[in-house]
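Make the full structure from the sequences, and use the hints.
No gaps in the numbering here: position 192 of the sequence shown is 192 in the working numbering, and each next residue is one more.
Keep in mind the hints are simulated off the structure, nothing from the lab. As the structure is a prediction and not an experimental result, all values here were calculated from the model.
Here are the computed lysine to any residue pairs in the SDA-like style, where the Cα-Cα straight-line distance is at most 25 Å:
#1 K90 with S240
#2 K261 with F22
#3 K208 with P188
#4 K183 with E138
#5 K74 with N170
#6 K341 with R353
#7 K301 with S29
#8 K341 with L328
#9 K224 with E162
#10 K221 with A190
#11 K67 with L241
#12 K208 with P130
#13 K151 with V237
#14 K301 with I392
#15 K348 with F13
#16 K113 with G195
#17 K348 with G282
#18 K211 with I197
#19 K334 with F267
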Amino acid sequence: MKNWERRFIEIFFIVFLFIIIFVFSQFISKFIYLPDFLNLNYKLGLDIAGGSILTYESNLSQVEDKKETMEMLKDVIERRINFFGINEPKVTYSIIDQIGRVYVELPGIKDPKEAINYLGQTPYLEFYAPKEIGTSTEWEPTGLTGKYLKKSNVDYHPATLEPVVSLEFNEEGAKIFAQLTEKYLNQPLAIVLDGNIISSPVVKEVIKDGKAQISGNFSLKEAKLLSRRLNEGTLPVAVSLVGQKSITGSYGSEFILFVIKSGIITFLLISLFMVIYYRLTGFISVISLFVYLILNLFIYKVFGVVLTLAGIIGFLLSIGMAIDGNILILERIKEEIKKGKSGLSLIKDGFSRSWTSIRDSNITTLISVAILYFFTSSFVRGFALTLGIGVIINLFTAVFLTRILMTRFFVKNA
Numbered sequence: 001m002k003n004w005e006r007r008f009i010e011i012f013f014i015v016f017l018f019i020i021i022f023v024f025s026q027f028i029s030k031f032i033y034l035p036d037f038l039n040l041n042y043k044l045g046l047d048i049a050g051g052s053i054l055t056y057e058s059n060l061s062q063v064e065d066k067k068e069t070m071e072m073l074k075d076v077i078e079r080r081i082n083f084f085g086i087n088e089p090k091v092t093y094s095i096i097d098q099i100g101r102v103y104v105e106l107p108g109i110k111d112p113k114e115a116i117n118y119l120g121q122t123p124y125l126e127f128y129a130p131k132e133i134g135t136s137t138e139w140e141p142t143g144l145t146g147k148y149l150k151k152s153n154v155d156y157h158p159a160t161l162e163p164v165v166s167l168e169f170n171e172e173g174a175k176i177f178a179q180l181t182e183k184y185l186n187q188p189l190a191i192v193l194d195g196n197i198i199s200s201p202v203v204k205e206v207i208k209d210g211k212a213q214i215s216g217n218f219s220l221k222e223a224k225l226l227s228r229r230l231n232e233g234t235l236p237v238a239v240s241l242v243g244q245k246s247i248t249g250s251y252g253s254e255f256i257l258f259v260i261k262s263g264i265i266t267f268l269l270i271s272l273f274m275v276i277y278y279r280l281t282g283f284i285s286v287i288s289l290f291v292y293l294i295l296n297l298f299i300y301k302v303f304g305v306v307l308t309l310a311g312i313i314g315f316l317l318s319i320g321m322a323i324d325g326n327i328l329i330l331e332r333i334k335e336e337i338k339k340g341k342s343g344l345s346l347i348k349d350g351f352s353r354s355w356t357s358i359r360d361s362n363i364t365t366l367i368s369v370a371i372l373y374f375f376t377s378s379f380v381r382g383f384a385l386t387l388g389i390g391v392i393i394n395l396f397t398a399v400f401l402t403r404i405l406m407t408r409f410f411v412k413n414a
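What follows is the structure in structure tokens.
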């Protein structure tokens, strides 16, 4: 065995020990203290964990670029949800005629009222002008909305010392604001939040720096809350809640426990078969398969892969492919042993003869996975993602790791 291979095995299994601790942190933390960053939970989809689905609707009849507006609306809602740390929310939208709809899936939030609270407080900021110059009784939209907002801060009014919310618009918004203040000089300009006029200050001068203030007799706490919500994202168009649904997990924790128990029993039975039938080479393959399982779980946990029923099926299928790849290698090695080969040539020829079949089957599977992931529904994507991850990890464990381990056991002086 070469020095780099020996060193690789030593370093890999030291790192692998920490990976095992990370994968099973929820169980291990019951007995010993673990830092918080190790105690991540696996993310479960709606079909397993349950949750809520909210549907919002917006009238796009006055919007020119409907798709861009809906993309902005989707981004704002996602930022709002992510602020509260909800596991893997899913936000999609559709546009039919002049109506845009946003569908928000929130795994783990089983009370629709709680879900509405997360999103219902996202502010929609607008500026209104008098419908006719000289009157302040009727208002009309000016086109300047929260989508042009760059940032918001809490300041104090220089005269009254009351908390105010300061606004700073981006370059495009600053130009619109300058045009409005020039057009409505010495006229009121209403600041409207969620359809309610907060204040209607009179424009005293042309404002070209893109800065404004919202003063509405706020307490400091209210001003900070409004400023924070504005920074999290103001809605580019007004929305209304048109549907809410609570989903009870179809499978729940009992299903997960059943899958885990079934997986352990299956792995033990397969391991027993491989050790009995293939002896030492079978034992080495069992080590490789165990590493394969742990690395999959590690990827799911560290990258927050959402485990749905389809995703779990993809994972189980990838395990079958990993076992198939290992058996193919063991059979080729067995054939080489019958030819009288041993040592380094046995390992080299056994792996080279099996590599072509393993490579071709895995590449065709990855192509299928890519098609399923990019051109099908979200349900199928979960299946494609876990299957694809499994195939890639299998190429490492079955072909690379197994070969190094067999070289270590069979070629003492290589």
